[in-house]
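Working from the sequences, and respecting the hints, build out all of it.
2 protein chains.
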Amino acid sequence: MNKTLLQQNPQVTIADSFWLKYMQLVKEEMIPFQWDVLHDKGDVIIESERDDATIPTEKSHVIENFKIAAGLKEGNHYGWLFQDSDLYKWIEAAANTLALEKDETLTTQIEETIDLLEAAQDDDGYLSTYYQIEAPQLKFRRLFESHELYCIGHLIEAAIGYFQATGSDRLLQVADKAIDCIEAHFGKGEGKIDGTDGHQEIELALVRLYELTGKQKYLDLSAYFLEVRGEDPSFFTKQLEENDRIGLKQGPIPVINTVYHQADKPVIEQDSARGHAVRLVYMAQAMAGAGHHKQDERLISAAKKIWENIVQKRMYITGGIGSTVRGEAFTYDYDLPNDLMYCETCAAIGLLNFSNELLKTETDSRYADIMERALYNSVISGMALDGKHFFYVNPLEVDPQASTFNPDKSHVKATRPSWFGCACCPPNLARTLPAIGRYTFTQKADEVLLNLFIDSELHGEQDGKAYTIRQRHTFSETGRTFITVEKTSAERLRLGIRIPYWAEHPVLVVDGQEVLTETDNGYTYVAIISGSTEIELAYTIPSNELEAHPLVKADKGKVALQRGPFVYCMEEQDNGKQLHLTALTGAIRPRFLTDDILGDIVCLDAEGEVRVTEDEWQDTLYRVRQKPQIIPKKLTFIPYYSWGNRSLGEMQVWIDKEESHV
Amino acid sequence: MNKTLLQQNPQVTIADSFWLKYMQLVKEEMIPFQWDVLHDKGDVIIESERDDATIPTEKSHVIENFKIAAGLKEGNHYGWLFQDSDLYKWIEAAANTLALEKDETLTTQIEETIDLLEAAQDDDGYLSTYYQIEAPQLKFRRLFESHELYCIGHLIEAAIGYFQATGSDRLLQVADKAIDCIEAHFGKGEGKIDGTDGHQEIELALVRLYELTGKQKYLDLSAYFLEVRGEDPSFFTKQLEENDRIGLKQGPIPVINTVYHQADKPVIEQDSARGHAVRLVYMAQAMAGAGHHKQDERLISAAKKIWENIVQKRMYITGGIGSTVRGEAFTYDYDLPNDLMYCETCAAIGLLNFSNELLKTETDSRYADIMERALYNSVISGMALDGKHFFYVNPLEVDPQASTFNPDKSHVKATRPSWFGCACCPPNLARTLPAIGRYTFTQKADEVLLNLFIDSELHGEQDGKAYTIRQRHTFSETGRTFITVEKTSAERLRLGIRIPYWAEHPVLVVDGQEVLTETDNGYTYVAIISGSTEIELAYTIPSNELEAHPLVKADKGKVALQRGPFVYCMEEQDNGKQLHLTALTGAIRPRFLTDDILGDIVCLDAEGEVRVTEDEWQDTLYRVRQKPQIIPKKLTFIPYYSWGNRSLGEMQVWIDKEESHV
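Going down the list, the sequences are from chains A and B. Number 662 marks the last residue of the first sequence (this note's numbering); no jumps. Number 662 marks the last residue of the second sequence (this note's numbering); no jumps.
Any given hint might turn out to be false.
Identical copies carry no separate label here, and so any pair may be met within one copy or between two of them.
[Unchecked claim] Here are the computed lysine-lysine pairs in the PhoX-like style, where the Cα-Cα straight-line distance is at most 20 Å:
hint, residue 1, residue 2
1, 249, 139
2, 265, 634
3, 633, 553
4, 577, 553
5, 627, 73
6, 67, 304
7, 553, 627
8, 67, 188
Note that these hints are calculated values from the structure, not bench results.
Shown next as structure tokens:
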């Protein structure tokens, strides 16, 4: 198989202290911790991600499930139908970490895991421990909920990661065999299942596998799964009805919400973000990728419409998506309540990947803008600064009382728990953070895009000759990015440097000469000739008050602060209780500080005011209005991603904006 | 039995055009319509009261259930466990309507229904069609959900109503037999069930039956059920465990939320409003009533603490209660979201009754203030002005888009459906509206209180001699209430006239002489001697801007308008879409108008402003803040109870208050 592998990961090394810290936490905390969880070792307290007694939280049991499927142990399956994917995401995280730095323990652990997967896999390639153990007669027969293809998608991504890190194709072979099994069962042919999984994932994984191997069959299978989705909106229900007819009933047939699954109509007809948020962005990423490689304008165009609908009407300022816990779903245009939303960490990661995929098709810095917005805010807020606690839901407003006493907000945790019954988000972070190199640069046929200001080095090739692009930056008083390109090929290389929407007065200096910073779709281009080129981009970073579209009811009269890529929030720790009584009235000043917990951060100090809760109210709930008593108050904001790390308390991103009353 | 009946309803006749219209709708629309529903006649479209596929909505089947229980038909029970109570509430509504005016058809229908109840009742007095038909072995064995005592509570209330209307004790005998059965099964004795029903109701019904009959055993049984509640918080679960042990398992044992049932601790230790809102106020009404008659200060004091907690911290300005659909429950102090709340019509009725009960114990106009607030706003908003459509949930802010596309708000209906699967609210309105005489006056040993300004006549007795108190009022430019008392007894009668908190500059004229309007706990007293006394109370009725306590986050910076007893709201029909972009800036003027649908109402016109949704926003979701463009706008408010009668659209009670920007 090795011979056909076309493209290894572009080698990006990260040298950015901000991101290295996260990568270190993944390696030193998350991967060993999750290894123990998967093996049911240690005293892991697993928390339900919302108020639902049916959520399995007793243990992980993932390795046990595989051992039972492999015939190495006896027992029952435990956990979610998609429990297997926890292991695949762990392998991908471990592999992506190995890619950064060799590690014998990790390699041994992965190899040992692959042994187990090989043992568990059926001869025909089938692999899904729940169905293998509990219901082999129902394999591929309850696709609305089975997650069988979803899990194989994660297996494929893990295999790609392990190959890119080590050159070993052992896991790719397991994945390939699983895909053979899927190809044998799915498709338009006689006796085949003409349908797909309730949870999209395999589609994007197959695109990635095509990119790695160049094998058309992967791309075709991905395109098939995209095409068949929603072709017959009653597919999922018909499967269950068929089961009932042939004696394979498993409980009553539920009412299936096909919008939740994005299966109510063909994907190329979907032009807005509806249903389960993670599923939507995973699907849309595959649409962009498959559309790109197949030059299928219908897929690309639908993916772009979905993306535009998200970023223009259905995305929180943090890059979070999903306005409701019910169905973990999108709702409708401009419906962005700050205290009820879902904003799942996985969904923000999905939006990051979806945007990155579109950037490959179309050079437009708006895609990188959204990648950056998601990554620096809603993605990393999913993880505590100790690397040991995680959010599933990333709210924009928290009152611990509400989380405790109002069941509509029971999914909004006021502190990060250590692990969840549904452990999708933490391992998703663990596999994403070591791989941020893939977002930093985009290599195209004729150009390289520098998307994110992350200290790093890209090692590329042109005409078979190596080149290196190295970037270093600072986001202090003035933003500066230093780029050094070393190349030997005589051909010109177009380097597109993203000018972020938040940078003011950008000045570009190339080899000591100030050049005009004209942008084309948000990138400014430098033609690099051979030898060494020194580039400096300087700009100011304002602390901005952003407002939301007037139809966002929740944000009327409010502003959110942003400096550079970071959205800010207020916490009770710095500003006292009753944050809703405060308002922003005056100037905002950045302050550089080093905090024991928060590390080196820029916080924002601002002039504000607070309504006095006078004693005279006492036991009155409503009264004839009096002019409010207002006093000045200094307000302090910290970067959103870092909230909830110091103490339990209120948090608020959007704050009332008032002309000063005092 | 007749001989022991002590007290018929104080004879209050209503002559108020506003309320007579409601009573007429109950008689001409609701009672015949519900009769058809109960008999599964006609084309009734039954709507689920929230997004829940388990709610039975196919038919009512109530009469069928009773016929099957009586052995007159074969078949299964259909509907809720508490489906029987629909019939009892219908009887009470019909009886309360009969009390206003004799009606042969109604009498025949009630008598026919009593025949059926007598036939359905077991020899030992047991009556609950679900358990009689489907699970006789589980009678009184699943009290957390069975509603067996709840239903008998409604049977008792129906029987009281029918006796008061007609003097017939036929239904009282059915109720009495059912109570005998309950007494035989419940109590502290050996082999008895030492516990109570999951849904409070029988407690208050037994107090009412004691008041009617003077029979101590009813009061004692009520007090027992109050005392045993929460004594052993695991009572409900233990019942189910016991069932399992003796082979009476019915499904898995659920996790029982004892706070939902107000059964987590003894009622006398409960000092705040927690759990299911209707259950809480029904329980608290019984506590006030039983406490009053038993002179049990512990019960009265706990009831008062609960009442204070509601009205000081957990009640909407409309008198609605219940901040969340999940558990239809209270949440925590000052948590009053305007677009998520439950504010069930039944709960507002319960608050009305609870407040009325406390007024019997303690003369304080605050109780009458809350009765009035609930009655004129959240109670009657439960019914369309055509008498044919009903709200279960009475929201303070509605956007039809949100109700349709955000599942967190699926319980918030933007228009009143015709009937509900869980038909508790419409019949509750139907039994309450013909009986508002019971709230208008309160007769105590030594005084009569005039609580509500409703044109009416009270026929009382003093020393065996009749007296009459007649009141007429107008709420036009100036509020005026004319009271005429005719009495023959030579003893003085203290008449307490409530001076409402919203009345300004009250002037009291007694027989042509202006007297000081000193108030004692909100009532001003006139000592009436024999003969005829003419009293006039005049006052101005301001159109007030009310504000909520600063800790009510949802109402920060907002006001709600109130004139007299009526809270106001804005509708899209009068003010256009995007109500949230408007603000109130200037003067409010009442306008008297007659509308085809709304009838004779006072609307409020006000100076306001609206934020312009400029085209320049286009596809931008977030941008650096600019000064908002604001233009003046005339705003129109209508009484809250009348919203949703003209067209489908947005509605909002609380509106931003701004000093004029223009």
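Non-conforming hints, listed in increasing numerical order: The structure breaks hints 2, 5, 6, 8; every other hint is satisfied.
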